[in-house]
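Quick mapping for you: the protein sequence lines, in order, are chains G and E. In terms of the working numbering, the first sequence opens at residue 1 and continues consecutively. In terms of the working numbering, the second sequence opens at residue 1 and continues consecutively.
To be clear, the hints were calculated from the coordinates, so they are not data collected in a lab. The structure displayed is predicted, hence computed values, not measured ones. All residues carry an ideal CB built from backbone N, CA and C; glycine is no exception. Hints should not be assumed to be uniformly reliable.
Said to hold, decoys possible - Covered stretches of chain G (chain E as the covering partner; in silico rule of three or more C-beta atoms under 8 Å from a C-beta of chain E):
#1 9-17
#2 27-39
#3 53-65
To be verified - The following label-pair restraints were derived from C-beta to C-beta distances:
#4 T62/E x V69/G: 25 to 31 Å
#5 L8/G x V20/E: 50 to 56 Å
#6 I37/E x G70/G: 46 to 52 Å
#7 K85/E x G74/G: 16 to 22 Å
#8 L8/G x K86/E: 41 to 47 Å
As the list claims (entries may be wrong) - A few chain E residues that don't get close to chain G, going by computed Cβ distances all over 10 Å:
#9 T7
#10 L25
#11 A69
#12 E72
#13 K86
Residues per chain, in single letters:
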Amino acid sequence: MSTPNNNLLDRLVGLSMLVLATTVFLYYTIWTLLLPFVDPTHPLQSAFPPRVWAIRIPVILILLGGAVVGSFLGMVMIRSNRKKALKAQQKKAS
Amino acid sequence: MTRAQQTLSIGLLVASVYMVAFLGLAPLPAVIQNELIPVLPIWAIVSFGAYLLFKLGYGVLTFNDVPEARAELMREIQEAREELKKKGVEVD
Numbered sequence: 001m002s003t004p005n006n007n008l009l010d011r012l013v014g015l016s017m018l019v020l021a022t023t024v025f026l027y028y029t030i031w032t033l034l035l036p037f038v039d040p041t042h043p044l045q046s047a048f049p050p051r052v053w054a055i056r057i058p059v060i061l062i063l064l065g066g067a068v069v070g071s072f073l074g075m076v077m078i079r080s081n082r083k084k085a086l087k088a089q090q091k092k093a094s
Numbered sequence: 001m002t003r004a005q006q007t008l009s010i011g012l013l014v015a016s017v018y019m020v021a022f023l024g025l026a027p028l029p030a031v032i033q034n035e036l037i038p039v040l041p042i043w044a045i046v047s048f049g050a051y052l053l054f055k056l057g058y059g060v061l062t063f064n065d066v067p068e069a070r071a072e073l074m075r076e077i078q079e080a081r082e083e084l085k086k087k088g089v090e091v092d
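Excised from the complex, chain G in its bound form:
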């Protein structure tokens, strides 16, 4: 069914997901939980955008994700309803 040896690609995808998840977690944790305790003049502060964005970015992503999922669901439902209406029409005509 699937191609016989996609093992390498699979492992690469899995590994990259792992690395991405860990990076996101560490970066976000330092940003939100650690930086308030760090001197405003410390050089570490320059690696992070202003903290308002720590709230805005996840909210924007969640809203975007919800919009994508919702529109996909809507498209599928409209398509299936259209098919059902077509079938009912054909039945009536025959």
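With chain G held as given, fit chain E onto it using these hints.
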């Protein structure tokens, strides 16, 4: 105690502790703490998402092929196909 009741009670506990901290009902060490408490829920959501992604990636990474099971499954499918064809059912 069912799993739902357990989850609900733990959730209520965490929520009430957080409410106490959020509304300032308990005196907290420094003004900085009043910059940390408001971001905790979003931090929890982001960390949960990261944890799920980690779990997914780990599963993909350690997913192993089983060639003998695949061969056996193919054989079984072939047998079932022939048997059904004998009884007059066409499958594909």
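Worksheet item: So which hints don't hold here, by number, going up?
Response: 6, 7
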